[in-house]
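Engineer: As given, the protein sequences belong to chains A and B, one line each in that order.
Using the numbering used here, the first residue of the first sequence is number 1, and each one after it goes up by one.
Using the numbering used here, the first residue of the second sequence is number 1, and each one after it goes up by one.
The set of hints was computed from the structure by calculation and includes no laboratory data.
Positions of the beta carbon are idealized from the N, C-alpha and C atoms, including for glycine.
Please note that the accuracy of each hint is not assured.
[Said to hold, decoys possible] Covered stretches of chain B, as calculated for chain A (at least 3 residues, CB under 8 angstroms):
1) 44-51
2) 84-91
3) 131-139
4) 148-159
[Unchecked claim] No farther apart than 27 angstroms at their CA atoms in a straight line, the calculated lysine-lysine pairs in the DSS-like style are these:
5) Lys-204/A / Lys-159/B
6) Lys-201/A / Lys-159/B
7) Lys-23/A / Lys-194/A
8) Lys-201/A / Lys-195/B
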Amino acid sequence: MAEKVFIDGNEAVARGAIQTGCKHFFGYPITPQSEIAEYMSRELPQIGGAFVQSECEGASIYMLYGGALAGAKVMTSTSSPGFSLMQEGISYISAAQAPCVIVNVMRMGPGIGTGGQQGQTDYRQVTKGGGHGAYRCIVLAPSSPQETFDLVQRAFYLADKYRIAAIVLTDFIIGRMAEPVELRTLEFGPLPEKEWALKGKGGKGGRCDHPAGAPRFPGDLSKGIITFYMHLLDKYQRIAESEVRYDTYLADDATLLVAAYGSSARMARSAVNMARAEGINAGLFRPITLWPFPEEPLRQAALAAGKVLVVEDSPGEFVEDVRFAVQGRVPVHLLGLWGRHNERGGGIIYPERILEEIEKLT
Amino acid sequence: MKEKAIAKEKVCGRPRLRNLMPGITCPGCHYGIIIRLLCEVIDEMGIEDNIIGLAGVGCSYAWPMTFDIDFGSCPHGRAPAMATAIKRIHPESVVFTVQGDGDLGAIGLGCFMNALLRGEKLTTIFLNNAGYGMTGGQMAPTTLPGMRTTTTPYGRDPKTTGYPLHAAELVATMKSVAYSARCTVHTPANYQRAKRATKMAFKKQIDGIGYGFVEFLSACPSVWGLSPVESLQFIEEKMLAEFPLGEFKNVDSID
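Please model the entire structure based on the sequences and the hints provided.
Structural biologist: Shown next, in the form of structure tokens:
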């Protein structure tokens with residue numbers, strides 16, 4: 001068994017990236033994820049990599065884009081306001097189909113929000129794409145430091161496999177809570193060569209590349225917009241068919257299915273245990289990939305249970321995807337951020353509050 | 001009627017690194033001349049195998065496909081950030097950006113200045129034609145006072161729109177910069193001077209000394225509303241009065 005360490009989700013991001021071969025990181029400080037950049041600034045120079053502290057997230061994302069075009073495994077991390085600043089870059093990265101990993105450790109609210117405390121209010125922006133031009137990014141949502149460590153590795157693999165931006169979506173709770181993490185290296189199989197990378201034509205037998213404007217990029221925009229989008233749609237379809245991941249807990253005989261992701265799923269899992277102790281057959285459905293969304297498995301689980309309770313620390317965004325999956329065939333209730341135990345930034349939707357809601361519905 | 005026999009000798013041709021792609025710029029634009037200059041410089045310095053270019057948005061958007069070297073396209077103003085990552089990942093390569101006055105001086109000024117602040121070892125070719133070409137002749141940070149553009153229809157009034165950006169002078173004040181010069185290509189002699197300056201700006205990067213910067217004053221007959229020949233005169237009389245030519249910094253070491 002690999003070494004086990006007691007670390008938080010932010011450190012798990014950094015360690016997971018290095019574990020899978022990422023040597024270059026670009027970032028800008030923002031609460032609650034600055035520890036990722038701090039860790040990288042300490043470790044990457046030791047392994048011959050580059051850590052660059054950018055002047056803003058708008059620059060981080062273009063360093064990431066440049067690094068991806070250079071053919072390296074590259075990552076940036078940020079939190080909600082910084083993620084907003086990155087949207088233009090993510091659009092360009094998606095147009096060039098440049099493989100890279102972006103981590104968003106969410107915080108609450110629009111604007112300055114609660115100033116860096118817990119929240120899950122970026123769901124729509126992250127899963128639907130906040131930049132211009134109709135594109136998709138893979139979105140992975142861990143609910144523990146161990147899963148963060150593992151999914152960051154998977155994110156690099158998926159990014160390179162499909163030439164796409166992969167986003168790891170955590171939040172204040174996942175980022176700042178510490179648990180034992182097994183430092184295991186995940187093996188995913190072979191990846192395509194990055195023969196298109198910018199590194200000087202001398203290293204490529206004299207062949208030069210002009211990314212985002214030249215024929216060698218499959219589905220390049222210069223070939224025509226229909227060709228470009230058909231290429232993307234085909235790729236998105238392949239991802240949707242083979243990369244959906246989700247987790248269920250006591251869902252088989254559930255008469256009420258709680259649907260939640262990330263930190264809310266941890267609270268929901270405790271609430272399910274408490275409900276079971278009271279004789280209520282509650283179960284949990286937890287999407288791990290937010291895009292591609294586990295639409296069909298969720299629909300089946302929801303139909304079997306007959307009733308769904310969505311829990312999310314937001315006014316209600318994830319619930320839209322759940323409702324879309326269920327297609328009105330069973331009732332879908334929402335416990336949103338009004339379930340927090342207090343009005344201030346440190347408010348949390350505790351399992352007891354979720355249990356109350358479960359009791360009301362059964 | 002018999003044709004006279006003429007002895008033909010090739011005296012000029014397409015530079016070796018210039019791809020067979022038609023120029024996309026307007027008649028009289030100096031971009032084509034600067035492209036030739038860069039092709040010659042890269043060829044003569046023997047760096048084509050490990051050079052990587054990055055062009056911004058605007059009239060330089062088609063430059064990547066024009067060169068037979070690795071050459072990426074960048075969003076508006078962000079070439080220095082992308083170049084930073086590429087140079088850090090491939091430190092043995094020679095990385096340069098090509099940026100217009102809107103790209104470098106307006107939307108990308110922060111990005112550019114921060115690359116200088118970080119002490120990147122890059123080279124920037126700055127194309128100053130005193131206006132926005134691609135979008136149809138609006139005011140740029142380098143537009144001359146009094147100059148009419150589509151967004152300064154009464155002439156650029158410094159009281160409300162400020163004064164032109166003097167990039168080469170500004171860059172020279174930055175500690176991490178090894179070379180900064182302003183050139184033109186509006187006469188053959190100036191072309192040769194600009195070529196020497198460009199080589200120097202690459203050499204400073206290759207020698208690991210610091211940032212190399214060359215500003216080109218470039219004719220834009222379409223925005224200026226002048227003929228190509230009148231544009232040469234405009235550079236001589238108006239542009240040079242505002243933007244003096246010369247080397248503003250040239251150092252061989254930075255402590």
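Engineer: Please go over all the hints and tell whether each is borne out by the structure.
Structural biologist: Consistency of the hints with the structure:
1. Counting residues of the region 44-51 of chain B whose CB lies closer than 8 angstroms to any CB of chain A gives 4, which reaches the minimum of 3, so the coverage claim holds.
2. Residues of the region 84-91 of chain B lying with their CB closer than 8 angstroms to a CB of chain A number 6, which satisfies the three-residue condition for coverage.
3. Under a criterion of three residues with beta carbons nearer than 8 angstroms to beta carbons of chain A, the stated coverage of the region 131-139 of chain B fails, only 0 such residues being counted.
4. Beta-carbon proximity to chain A at under 8 angstroms applies to 0 residues in the region 148-159 of chain B; the threshold of 3 is not reached and the given coverage is violated.
5. In summary, the hint linking Lys-204/A to Lys-159/B is not supported, as the alpha carbons are separated by about 53 angstroms, beyond the 27 angstroms threshold.
6. For the hint linking Lys-201/A to Lys-159/B, the alpha-carbon distance of about 49 angstroms lies beyond 27 angstroms, and the restraint is violated.
7. Taking the CA atoms of Lys-23/A and Lys-194/A, the gap is about 16 angstroms. The hint holds against a cut of 27 angstroms.
8. For the hint linking Lys-201/A to Lys-195/B, the alpha-carbon distance of about 23 angstroms falls within 27 angstroms, and the restraint holds.
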